[in-house]
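*Asks:* Starting from the structure of chain C, add chain W where the hints point.
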Amino acid sequence: MFTTFYRLIKTGFTNFLRNGWLSLASTIIMTLTLITISIFLILNIVLTQGIQTIQDKIDISIYLSDSAKGSKVLDLQKELSNNPDVKVVKYVSKDEAKQRYQEKFANNPQLKESLDDGGDNPLPASLEIKTYNPDKLSTLLPMFEQEKYKNMIRKVSYKENKEVIDRLFKATEFIKKIGWGLAAAFIITSLIIIFNTIRTAIYTHKSEIEIMKLVGANPWFIKWPFLIEGILYGIFGTILALIAISITLRLLSVSFNTYFGSGDTGDQVLGFLMKNLVTLVVLMLGVGITIGVTSSSIAIRKYLKKS
Amino acid sequence: MIYLKDVTKVYDKSKKKALDNISVHIKPKEFVIFVGLSGAGKSTLTKLVTHEEEPTSGKITVGGIDYSKLKKKDVPYLRRKIGVVFQDFKLLPKKTVYENISYALEVAGISNKTIRSRVPQVLKMVGLEGKAKRFPRELSGGEMQRVAIARALIHEPKILIADEPTGNLDPKNAWEIIDLLLKVNEYGTTVILTTHNKEIVNTLKKRVITLKGGKLIKDQEVGRYALQ
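If you read the protein sequences in the order shown, they are chains C and W. When we follow this note's numbering, the leftmost residue of the first sequence carries the number 1, and every step to the right adds one. When we follow this note's numbering, the leftmost residue of the second sequence carries the number 1001, and every step to the right adds one.
Just to be clear, a hint being listed does not mean it is correct.
Pairs of lysine-lysine residues, derived as BS3-like cross-links and limited to a Cα-Cα distance of at most 25 Å, are as follows [as the list claims (entries may be wrong)]: (1) Lys1072(W) / Lys223(C); (2) Lys1015(W) / Lys1206(W); (3) Lys306(C) / Lys1072(W); (4) Lys1090(W) / Lys306(C); (5) Lys1069(W) / Lys306(C).
Calculated from the structure, these hints are not laboratory results.
Chain W on its own, in the form it takes in the complex:
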């Protein structure tokens, strides 16, 4: 599903290697946790997969698409196949819960009829029925993250990337979000979760890839939190 081969990323500004010669293969329907402290390169890695950033060297292939051959005008279509969830939710503040989710379908030219049937389904799945008309500012952190997940799932993507999705949430809400991600994975979506929450990593017993200073230092099939 996702291949990274000898990928190195150097940001123009800092000249520091954010990622240093990383090679990873993630299979379809896998649940992979990227662990690392701030600045380890987790976010850079997710940005490479969503094509927000391009690697300085190395090769990235996602779902059979070679990113080095991807044209700028095709990037929006790629993004509709990859769901992304962020620590800061990234909801559109001037749009309601319903509109935030339907927007992702509108950009793809999906018919109003389909939107009207699909959005309530997804809202129900993330447990937000009845809050469709609220604006993000009227929601709690946990609820905002559910909206973000609903938006990410509306296209039924093959890949869901969750970049520190629990970073701003209390433990109860954090676990609810993790449960939601597990459910999504059960339905067959490849999930990439980045976190530095030790408890979550150790409880999940999933594949854990540990990054440190831009280098891949550990890749375990059933991993544990290995950072101090």
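This is chain C alone, in the form it adopts within the complex:
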């Protein structure tokens, strides 16, 4: 039993090595297939991470009218603090607003000095709110509509940003959908190519399969070395794909970081991959081996039908 098992594996390995070009071609096609699948998975992670980054940056600024009474502002601040969804409420005074403005435009003297001209500070005081979950921002809105606060609130900035944010969400959703469509198309194409490559590889062994049958080999004794070759395509395809992907990601992570501004999405993606390396390897191996074995199995069936 063990002898037979060992022989089948050894024959599979030997065939893989001796079939040189065909093995190389099948392995490269397998690598490309796995890279395609992984890239779409990674892109999906990047997009999700990107949205997360943007969502983290969203908060509400409530601009207060200059006539707002201190006690009422405190009331609102207290009410917000008591809300379980709210993470931080920060009061930004008129002076602080001015200071921030001047810092922001430090490199633009014209804008910076525009505030100093009249002497009166036109910038409003505000309450800056961050929530635990950006989705909950909208649930806070009714609070500001209340009669008691109506006169003291000049503007809620979320309302203006909302449209932009919504549009961004819609765009990313759209990109994701197209992404999955493209991924599906690519994966199907790759599957067809890899299946045909393996089929061609087995076709070249047609006469050998005949000979094996003639010397009295059982169908499974003929079949298994081919399946093991299929498994090897999957294993080597995974190794090559992992090498290619990690090199590409390392090179790209710098530009990811730049693209997402102060965020560190590139590093996050890399970090995420490193953390989930085992999952990724298992996933790729699973996909690769399944494709290899299924293709080999389907391709060889035809030649084993007849005794």
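*Replies:* Then chain W, alone, in the frame of chain C:
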């Protein structure tokens, strides 16, 4: 050993009778030559015996096994009892001489120890010691046919079928192969040789069965080549 009773074979594609109502009895340890031109039905006959093809009608019994009752899963075990040698050698190109022969034992689950002792013996018998590590492409036609014979003999089969084994060989190599077949027959194996080589048929003075257009036209105990 081998009984064919009223065997007719019609191939689906051509609809022509490749074999037409053939009845033959071959006794154990016999050396029988099937003679016929291309298309006479020689190869079809050997394929029926190895169960590569099934007869359209008639009965085939080999070594007590009724082929009509043979299950598909038992065919590999039958093949291990019948050695076959072909005109085009049919060696596995990606396997060495040694591996080509040992493969026939591996498929039968024979232990490595037995394989290591048996393969060199057979290689010596066919005169190929020292060429075990060569690949078929590195051998001459005569040498390839010896490998094929070694492979056919490794199971010590009761029957050896040689289908035009000398067809691709020069006269010197052809005779060496024939001598090898005679030697195998002396050891007690039933040999079926198909050929259309007149010189070989006339020199051997063995039983000759002549086929023409799928019909058996002559069966002589000590035969001569009778075709024009």
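*Asks:* Does each hint fit the structure? Answer for all of them.
*Replies:* Against the structure, the hints:
Taken as a hint, the Lys1072(W) and Lys223(C) pair is honoured in the structure, with Cα atoms around 16 Å apart against an allowance of 25 Å. Taking the CA atoms of Lys1015(W) and Lys1206(W), the gap is near 34 Å; set against the 25 Å cutoff, the hint is violated. Taken as a hint, the Lys306(C) and Lys1072(W) pair is honoured in the structure, with Cα atoms around 9 Å apart against an allowance of 25 Å. This hinted pair checks out: Lys1090(W) and Lys306(C) have alpha carbons roughly 18 Å apart, not beyond 25 Å.
Note on Lys1069(W) and Lys306(C): the hinted pairing holds, with a Cα-Cα distance of about 17 Å set against a maximum of 25 Å.
Consistency note: the structure conflicts with earlier hint 2 alone.
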